[in-house]
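Put the two chains together into one complex, using the hints given.
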Amino acid sequence: MSKPVIQIENLGKRYVVSSERERYLSLRDELAKKFSTKRRKIEAQKRDFWALKDISFTIEQGDVVGIIGQNGAGKSTLLKVLSQITPPTTGSVVLRGRTVSLLEVGTGFHPELTGRENIFLNGAILGMTRTEIRQKFDEIVEFSEISRFLDTPVKRYSSGMYVRLAFAVAAHLEPEVLLVDEVLAVGDSQFQRKCIAKMGEVSKGGRTVLFVSHNMAAVRQLCSSGVVIRKGSIQHAGPISECIEAYTTAVSSSNTTILSHFKAIDSNITLNRLVANGSDLDYLILKPGDDRLLLELDGFAQNSMNIDLEMRLTDPYGSPLAFFAPGLEKGHGRRIEVGEFRLTYDVQLPRLFKGRYVASFYVTDPGRRGWADADMALTIEAEGFATASGRVFDNSSSAGWLALRDVRGTGQSDL
Amino acid sequence: MSQPVEITIRPPKGFVGLNWRELWRFRDLFVVLAWRDISVRYKQTVLGALWAIFQPLVTMVIFTFIFNRVAKVESGDGTPYPIFLYVGLLFWQYYSGTLTKASDSMVLNAGMVQKIYFPRLILPAASAITGFVDLAVSSIILVIMMIYYGFVPHLVGIAILPCLLVCMLLSSLGTGLVLASLNVKYRDVRYALPFLIQTLMYVTPVIYPVAMLAKYPIIKECMLWLNPMSGVISNARAGILGNSPIDWHALLASTVSSIILFVIGLYYFRATERYFADVV
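Chains A and B, in that order, are what the protein sequence lines are. The opening position of the first sequence corresponds to residue 1 in the numbering used here, with each subsequent residue numbered one higher. The opening position of the second sequence corresponds to residue 1 in the numbering used here, with each subsequent residue numbered one higher.
Hint data in this document are derived by calculation from the structure and do not stem from the laboratory. Errors might be hidden in some of the hints.
Unchecked claim - For lysine to aspartate or glutamate, the following DMTMM-like pairs were computed, each having C-alpha atoms within a straight-line distance of at most 20 angstroms:
(1) A:Lys53 <-> B:Asp278
(2) B:Lys220 <-> B:Asp247
(3) A:Lys231 <-> A:Asp394
(4) A:Lys354 <-> A:Glu383
(5) A:Lys231 <-> A:Glu182
(6) A:Lys136 <-> B:Asp28
(7) A:Lys198 <-> A:Glu174
(8) A:Lys231 <-> A:Asp48
(9) B:Lys43 <-> A:Glu112
(10) A:Lys3 <-> B:Asp28
(11) A:Lys231 <-> B:Asp278
(12) B:Lys13 <-> A:Glu9
(13) A:Lys263 <-> A:Asp373
(14) A:Lys194 <-> A:Asp138
(15) A:Lys155 <-> B:Asp37
(16) A:Lys263 <-> A:Asp290
(17) A:Lys198 <-> A:Glu132
(18) A:Lys204 <-> A:Glu60
(19) B:Lys43 <-> A:Asp151
(20) A:Lys194 <-> A:Glu139
(21) A:Lys155 <-> A:Glu132
(22) A:Lys3 <-> A:Glu60
(23) A:Lys204 <-> A:Glu176
(24) A:Lys354 <-> A:Asp394
Next comes chain B alone, as it looks inside the complex (with noise of 0.2 angstroms):
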């Protein structure tokens, strides 16, 4: 068996560094809760995972019938307009879907936050992870439409997407954490999280290409760097679809500022998490 170890149990004072060693010691939990997340998703549903497809699929008709066809948004660079928008559905799936069930893990698990000790860490990055799930199942659709409209994707593309994701997962996860943890004790944020999401995706390049805001420089560059989803959403169009060059710039402020969110969300759940299990 293991070694024997040793634990103090002491008031806390100040801020704790997260503790890398214990985590590695609770990865199983991390794993099975992930797997339970994945595998409770699509229980007793007669479509299963297809509803992974089904949603921005049929989002993607119908966004394209109103925002193309009526409200004649258009993509920019001759990318036909549904996959252009597909790319940036499936990424914001993922972002709204991660953002949500982080927020609302702490509270949906609240027996085993009581009655049991963990890294609460595990339960909002669990989340995290299942997203990749629903990502790699709608990814299929896209896949058909790039064949279908014959698009190849960029060799530095595809070089970048781990980037991207790895951007999309910390400021998805930086977000969730601050709201995880303001959700214990204000459950406001069940209510003002759907109105915020709603609002996010407006605001993020999702149903049209930021270069429609080439008339107001200002806003465009508050948006690349406070929003790390639109950077992402919109080298995700280049690099997969290839009909723009890469966004360096756009990149480059993803990057910095999901790190951030993620510090920050990190930072306050550290600094509230021990006292999770008395309040929640």
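Only chain A is shown next, with the shape it has when bound in the complex (with noise of 0.2 angstroms):
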């Protein structure tokens, strides 16, 4: 057995927060402090932020681990210290075997440059030697789609261009060793199930890769194990699904408001409440025999205008199952005046097999804009159903997800 690839060993990454808020600093500000004499009093206002504390882990040879975590638990932050980008306060890390970490796509792009020019650029950033670069290219062109515009200049690419030209270069690495952020968010849906499939090729050929990423499903269908880091520090370290199943747990116990997931709230807008079925908590059980969603929004508006409560709900991996729209429905949202608001809906929800569903939630302006959007904030548990056979079918059995229903359901021959 030849030695671990990777050998984490009680690492560290401390950040000092100070708690002023600009972002620059300036010369005369830090001079300023020097000679106050309320050093001791700017001295306090710094505390410590331990981003990774104590993680310890290994990774084999030809192990493709994926690392999850929320917002925040320092998953970055550990690539950050294993791609060398910045230095870990304790502790230590050996990497065998050359290793490439890809953080973000079109790391260096220049927007003056064409697609071919970049292509050599990227290539180089990330580590490829000008050989490589030139036995992929063909490669490279052929999977970004965008063999057409290869003399343009990137700026004049859409969006969607910049992204697979970007990801088609990161595609073709061949490290030993990958350390892979977040990245396949990328592109259209059709495109990030083309990198999906080209990150398991990757990791089929006996790489070893370190994969962040918020899609479960992914992780799922391209790792065979994986560790879940919380509040900087490892929570479960072992095989994927475990990894998964503690980590959507963990998420779903920590006892916070719906509300609290609300990201990117519209200044028109406050939102003081809501509450799925009485209770205001991100976590709710569904009873057999549930198949209703009471929605209640409260809040405060600062113009009249339209407003709706839309609803996502996907598998706890962020596919989507079922969308709750009203206002798409009808054309228009409710019109609401200056004031205090309450929306409330009541959401016949879909046979659901036992097992574990996401509902995220969009104010809207249904079809214009959009005021508030929570992605995953409401987690739900079905209980499920029994049938005649007093079996419970599960969501992660081969039943699936929802349970269709006989309409006409005789029980005899049609004959």
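So this is what it looks like as structure tokens:
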């Protein structure tokens, strides 16, 4: 048995967070601080933040490992330390083999250069030699589907073409160890599937891959084992299915409200509460026979506006299962005036097999604009239903997600 | 493929020397980045590389009128003022350009610094190389002027030219490295730099000969030893135009001070570069 390819011991990374809000320090401020009598007070405002703490694990040759965790858990910091972009504060890492890290697609792309020139530029930035790039050039062009625009400056590309080209270069790296951060979330869904397939191909070639993603479906498909990181420490390490389970359980038991998942709320509205079946927590159990979802959204509008609540039901990995958008069907949302508002909905759910589902919410002016989004905000634990034989179908079995029923159902031969 | 490499990542302690092997491994990136800077430089311009000629040429015409005709500054050794000035401008253009580009290199390429590992030194070094392209292009005017005025360069002058170019490279890069790392943390550099360059030009013999300072020997010595470009420019004139002897004293001062500047720059840069990705 050869030595592990990646060996991480007691890795820690500390940031000193100062509570001042300014992003750019200026020399004057630093000098003012140096001579200030209030220096001690300013020191006190700084606090240590351990982005990573006591991380230890090893990865063997050929392992494809998924690193999962919530936003801010430290996944990207871990990759940055492994990529030598930022030094650790404690501990050590041993990397054996030519390592390439892919933290972003299209790093270093120059808008003025043509597609062809950018392939060479980006390839070199990602650590390919010129000969390697020349050998792979045709493959890269073919994968990116932009051969007609090869000699156009990339600033004239659509954003889709841009990411396709960027990913195509990255996908043709052939290192021994590949560190990948959330880069599959690019392009349209068809291209994403192509990317995931390519990644699968890459990882089957005996290469060691460390893969950070929020896309649980991709992680499950690509990785054999995983590491769950929570608040900078390892929460679980083991086979990938265990890790996904540990991760989703941790997310759902965190006792937070649905409302706290809302991001990018438009300044025209304030949201006060979102209640599902009487609870504002982001974890809901559907008892056998429960097929209703009562939603209640309270808020405050700065202007009169059209508003509607839309909901997407997905599996825990983010693949869409169903969509609720009453306003889109009617062609308009609800008209509200300045002041407090309350929107209530009574959603008829399809029959769900036992298992976990996740709902995302979108507050919109239907078809026109969004006011606020909450991705994967409510975890729904469906208890399913017993069939006549007493068996409870589980959504992880081959049954799937939705139970269809025969509405004719005479139970007799139709002949 | 290459040999399996083993890398150990640990918290950095103290000063880490230059990793030559690593720099060599990243030579392709260096070449590609230098090529990028050169090929991007005059994209979407009508005049293209003519800008490299246009700028010093127009400056020469205006400065000749103001400093020579109006203010009566002379070259001091009988050299016609336009060509005397042009040699100074040529070298000054490289120096100020490299200083500016090197200082901005970390901030302009912040995306790369945050997402990719490579020896950070490559970025300012690539900007120092690209300056030579402009220098070569604008030298064409110098050659034309030399033919017009009938100048033949000294043999010794040609011999010391590489040394002058190296001094110029080391001093601009050395200062640029310090400013680049300061710029990562303090954006004041961005505002201070144009002012600094303007001031430096007046304390460098670009528009006047060093001989004009004969009455102020202390200031002259300070200028020679603290500002490597003084010796570079005055010796470039002596070497290329051949109207005055080569000032070995100034050449020594330039060589010593530019090496010291470069070492300081390199040391400061190496000591701070590991936190660039967190701060920039």
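Hints violated by the structure (listed by number, smallest first)
3, 10, 16 and 21
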